[in-house]
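Reassemble the complex: the two chains are provided individually, in unrelated frames, and hints are given to aid placement.
Chains as they are written, first to last, in the working numbering: chain X, 1 to 201; chain B, 1001 to 1070.
Note that these hints are calculated values from the structure, not bench results.
None of these values were measured; they are calculated from a predicted model.
From the three backbone atoms N, C-alpha and C, an ideal C-beta is built for every residue, glycine too.
You may find that some hints are simply not true.
[To be verified] One side only, chain B facing chain X, incomplete, derived with CB under 10 Å:
hint	residue
1	Val1049
2	Asn1063
3	Val1070
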Amino acid sequence: MLPVQLIVALVAGIAIIVLLFLGAHHLGGHTVGRVVLLVGLLALPLLLSVGNISFGMHESSTTHFCLSCHEMQRHGKSLFVDNRQALAAVHYQNRFVDRETVCYSCHKDYALFGDVKAKMNGLRHVWAHYIAGVPETIKLYQPYPNSNCLHCHDDSRRFVEGVAHRPLLDAMYAGTTSCLSCHAIVHDMAKVDAEQFWQAR
Amino acid sequence: MADSTEKLTRKIRRAAVVGGLGLVVQLAAALHWTPITFILSAAVGAPLVLAGGVLFLAAVWRNMRDKGAV
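One chain only, chain B, in its complex shape (with noise of 0.2 Å):
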């Protein structure tokens, strides 16, 4: 059980770190704004914040499957 909590938490954190750089590329391509960052801003940034959420619904998803929840 804490084992699986632990796992769970683990994989929380990965997400947030995929879905919290997908903030901080877009967060650095609006302070220095051309062209060329704002493709980076779509292109990675907004990528990155949607590849973090999967990776937490899939996280919560698996977890839950585990438990037999779903």
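Okay, chain X solo, but in the shape it has when bound (with noise of 0.2 Å):
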């Protein structure tokens, strides 16, 4: 369910309009009445649709929504794993990223039209969990791009004089070395299948 504060939002709008409704022939007859019909029938409803659709594009960015389909929870239970190389594992425990929003912070991408990339991604999940059906392998739709790694890691001085990061540094820049290619376990499967969690004290 969405916050309270928004549910009575909708609640009220649709009262309004109700009332409109019910009064449409008094203030349909004059220029005041007429103010009145249009905020309470068009300024009103797209105000409420508009913060409604904003606030869900932000939830549909959230862990708990991407984990609400039960074939990624397995997923979601891997950023739990006590494994010091599991990128997900890692990203999570040590809170690189925010936990709320683990899930989207690695998996858009950083460009111009990575949000709008992510949410249209988003609609080939929907698609692939009510009509499509889910694939026996969940695998990325492309390589995993360098670029979202260095979004945040890019000038870092971890990263930058890391004693293996700094004879690839062009080629990771360049995308030509994957991240990947070293940091191999990004969601540790195994030690999900095993059940074996770090829990944090």
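This is how it looks when you write it as structure tokens:
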């Protein structure tokens, strides 16, 4: 359920429309009444819709939204595995990314239309979930781009001065060497299946 | 004159029903929030609201045109 404020606003909007429906005969006859109708039937409902969709877009970027589909729940559990090499777990457990939006932080592109592309991919996921069926193996639509890693790590001292990184920096920036060629374990499903999880104290 | 007002009232009420339906769809989606209801809310609810607004504007415009006000 969305926040109570939004629900109340939508209910109020519907109540106003009902009142305007009943008073349409009186209001439609003069200019002030038409302005009231314009606000109640056009401006207010549009404002409510924009708010509702805007909140929905924000909400659709959250971790619990992604994990609300059962096929993603193993990926969700992989955030908690006890493996200091598994990228998803390391980023989540060390709070390298906001835990509320952990899936979105790593899986959206940071280019101009990154958000739009992520939402379009979300539509494909919904299509697969409800209509086409979920593939047996869940995999990315395209190879994971270094730019997503570099969005945060780019000029961080630990990354730039890392002994293993230094000889590969140019290749990583050019995208010819994938970050994942060394950091190969992303979601450690073996440990998910073995139920080896890290517990915060 | 009375006929014209009745006609306008009927059209405004139709616009209110369409717009109200749009808000009801959005309210139902907000109460049962899942990926599919969010898509329904955005793809059905919001366009209905917009359609209600357009119907209202068209009704008022035609009424004013018939009266020679525009």
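Evaluation of the provided hints:
1. Val1049: Holds, about 4 Å.
2. Asn1063: Constraint on Asn1063 (chain B) satisfied, holds at 8 Å.
3. Val1070: Result: violated, 13 Å to nearest chain X Cβ.
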